[in-house]
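Chain V is fixed; fit chain R onto it per the hints.
Chains as they are written, first to last, in the numbering used here: chain V, 1 to 227; chain R, 1 to 227.
These are computed hints drawn from the structure, not numbers from a lab.
Keep in mind it's a predicted model, so treat the numbers as computed, not measured.
Watch out, some of these pointers could steer you wrong.
Because identical chains share one entry, a pair is satisfied inside a single copy or across any pair of copies.
When the alpha-carbon atoms are kept at most 30 Å apart in a straight line, the in silico DSSO-like pairs for lysine-lysine are as follows [as the list claims (entries may be wrong)]:
| hint | residue 1 | residue 2 |
| --- | --- | --- |
| 1 | K44 | K131 |
| 2 | K153 | K135 |
| 3 | K126 | K44 |
| 4 | K153 | K44 |
| 5 | K139 | K153 |
| 6 | K78 | K44 |
| 7 | K78 | K131 |
| 8 | K126 | K30 |
| 9 | K30 | K131 |
| 10 | K153 | K30 |
| 11 | K78 | K126 |
| 12 | K135 | K78 |
| 13 | K135 | K30 |
| 14 | K139 | K3 |
| 15 | K44 | K139 |
| 16 | K3 | K78 |
| 17 | K224 | K3 |
| 18 | K3 | K153 |
| 19 | K153 | K78 |
2 protein chains.
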Amino acid sequence: MLKLYDLSLADPDVRPSPFCWRAKFAMLHKGLSFETVPVPFADKTDYPNQDHGLVPILIDGEETVCDSENIYAHLESKYEGAPFAQSNGERAAADFYNAWLGLNLFPNLAPLMFVRVHAAAREDDKAYFRKTREKRLGKTLEEAAATPGLGGKVEEALQTLAAPLVRHRFLGGDQPNIADYNVFSVFLWIRVTTQEELFDAPQAVDAWQERMLDLFDGYGRNAKRVS
Amino acid sequence: MLKLYDLSLADPDVRPSPFCWRAKFAMLHKGLSFETVPVPFADKTDYPNQDHGLVPILIDGEETVCDSENIYAHLESKYEGAPFAQSNGERAAADFYNAWLGLNLFPNLAPLMFVRVHAAAREDDKAYFRKTREKRLGKTLEEAAATPGLGGKVEEALQTLAAPLVRHRFLGGDQPNIADYNVFSVFLWIRVTTQEELFDAPQAVDAWQERMLDLFDGYGRNAKRVS
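The following block holds chain V by itself, in its conformation from the complex (with noise of 0.2 Å):
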């Protein structure tokens, strides 16, 4: 059996990370079964190496395999069924949605999730959490997530990633691809932390959302979201 260890809040039934979601995704889309073990920030006690302390970490048999992109790149050449890409164009094309998370999504973003990730986590994680995101954000949590305009910054960006989801079904098309389950990871991520409305999405984003949420039978939809 598969396992991945993956990030857990309070309750350890709510698993807020995107890079955990996109290494579940990535398992499911070969139609393996796996067993998540919950994780905190701030403890590396029970991650498999003290010495790596990010997730995800899936262990395969013998092989520990660390980073979502390993993940998929171990997955792809050990397991049959669907490929995560039907080309090297798409592939080319799930570096650059990538680059468009990074550089055009989460900077508007992350100031609004990591104060709620907070208040979200465990209490022994608070500090950790603190620490760690407001040196990425260069200020407070609660500074930052005052920045005047987040969410309608979010909703400018999420005007480009609503042109492909207008003629198509998914990212990948017909079918979801890696770009889909990378770009939902960031959906999910909100989704589990949050009952908050955030923005507004536009409405081919809303309605690929309802499309991705329902994959594998619901996997998204079911998971747990803090209350």
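Relative to the frame of chain V, chain R by itself:
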């Protein structure tokens, strides 16, 4: 013989329009021979239909096809040869690249370019060009071009484009696809219209530009530029 109506500048051999470049590369991709008919911006007398004053316009025997997207669709359905994309995932990604061009690149690039296209345009076209573009910009060409930081913002946007080109020769993977032609058309617009270096592109983007310039016996590289 296919015939394409193509915008020209004061030198009729200099062809700036990115949408016409898309149509030309689409025909080259299909291995088709074609001739181009230079037309001015303002005077629509020589356009095949005076009610449709926008190029590209393709004349294919009895058929007249307007708009680069319709020209792609026409050529794809009528002619053999390599398809413009390998999969619906690549077609969806082409819509995403186009939206990114329009929302992330164009707003900072257009103010730099319009003033230069205006300078290189036919005397008869200058008033028309100024009027239509100033309406779009909401300010004069010169005010728009003087907006601080435009080049830096173009460079920032091009970081996203660099991501797929670090690992792949083309946006289409091993071979160029429709996304390559669409994005490259903007670089040709710049290249033929000005000898100035308006920004520094990331190394991966520069290397891709060189590969695109070499395609089809250097069709882009040999295109006449304003001197």
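Against the structure, the hints:
1. Taking CA atoms no more than 30 Å apart as the test, K44 paired with K131 passes inside one copy only; the shortest distance there is 16 Å, against 64 Å between copies.
2. Taking identical chains as interchangeable, the C-alpha atoms of K153 and K135 lie at most 30 Å apart whether they share a chain (22 Å) or sit on different chains (25 Å).
3. Taking CA atoms no more than 30 Å apart as the test, K126 paired with K44 passes inside one copy only; the shortest distance there is 14 Å, against 67 Å between copies.
4. With identical chains, the CA atoms of K153 and K44 are never at most 30 Å apart, being 35 Å at best within one copy and 40 Å at best between copies.
5. For a Cα distance limit of 30 Å, the shortest separation of K139 from K153 qualifies both inside one copy, at 19 Å, and across copies, at 24 Å.
6. Within a single copy, K78 and K44 get their C-alpha atoms as close as 29 Å, which meets the 30 Å cut-off; across copies the closest is 61 Å, which misses it.
7. Taking CA atoms no more than 30 Å apart as the test, K78 paired with K131 passes in neither setting, with 38 Å inside one copy and 60 Å between copies.
8. Proximity of K126 to K30 under the C-alpha cut-off of 30 Å is found in neither arrangement, the shortest distances being 35 Å within a copy and 59 Å between copies.
9. Neither within a single protomer nor between protomers do K30 and K131 lie at most 30 Å apart by alpha-carbon distance, with minima of 37 Å and 56 Å respectively.
10. Taking the closest pair of Cα atoms, K153 and K30 never come within 30 Å of each other, the shortest separation being 35 Å inside a single copy and 40 Å across copies.
11. Taking identical chains as interchangeable, the C-alpha atoms of K78 and K126 are never at most 30 Å apart, the minima being 38 Å within one chain and 62 Å between chains.
12. Taking identical chains as interchangeable, the C-alpha atoms of K135 and K78 are never at most 30 Å apart, the minima being 38 Å within one chain and 57 Å between chains.
13. Taking identical chains as interchangeable, the C-alpha atoms of K135 and K30 are never at most 30 Å apart, the minima being 37 Å within one chain and 52 Å between chains.
14. In this assembly of identical chains, K139 and K3 lie within 30 Å of each other by CA distance neither inside one copy nor across copies; the values are 36 Å within and 59 Å between.
15. In this homomeric assembly, K44 and K139 come within 30 Å of each other (Cα to Cα) only inside a single copy, at 26 Å, whereas the closest approach across copies is 57 Å.
16. Within a single copy, K3 and K78 get their C-alpha atoms as close as 15 Å, which meets the 30 Å cut-off; across copies the closest is 51 Å, which misses it.
17. When the C-alpha separation of K224 and K3 is checked against a cutoff of 30 Å, the pair qualifies only within one copy, where the shortest distance is 19 Å, while the shortest distance between copies is 60 Å.
18. Taking the shortest Cα distances, K3 and K153 never come within 30 Å of each other, neither inside one copy (37 Å) nor across copies (43 Å).
19. Taking the shortest alpha-carbon separations for K153 and K78, neither the intra-copy value of 40 Å nor the inter-copy value of 42 Å comes in at or below 30 Å.
The structure does not agree with the numbered hints 4, 7, 8, 9, 10, 11, 12, 13, 14, 18 and 19 stated previously, though it agrees with the rest.
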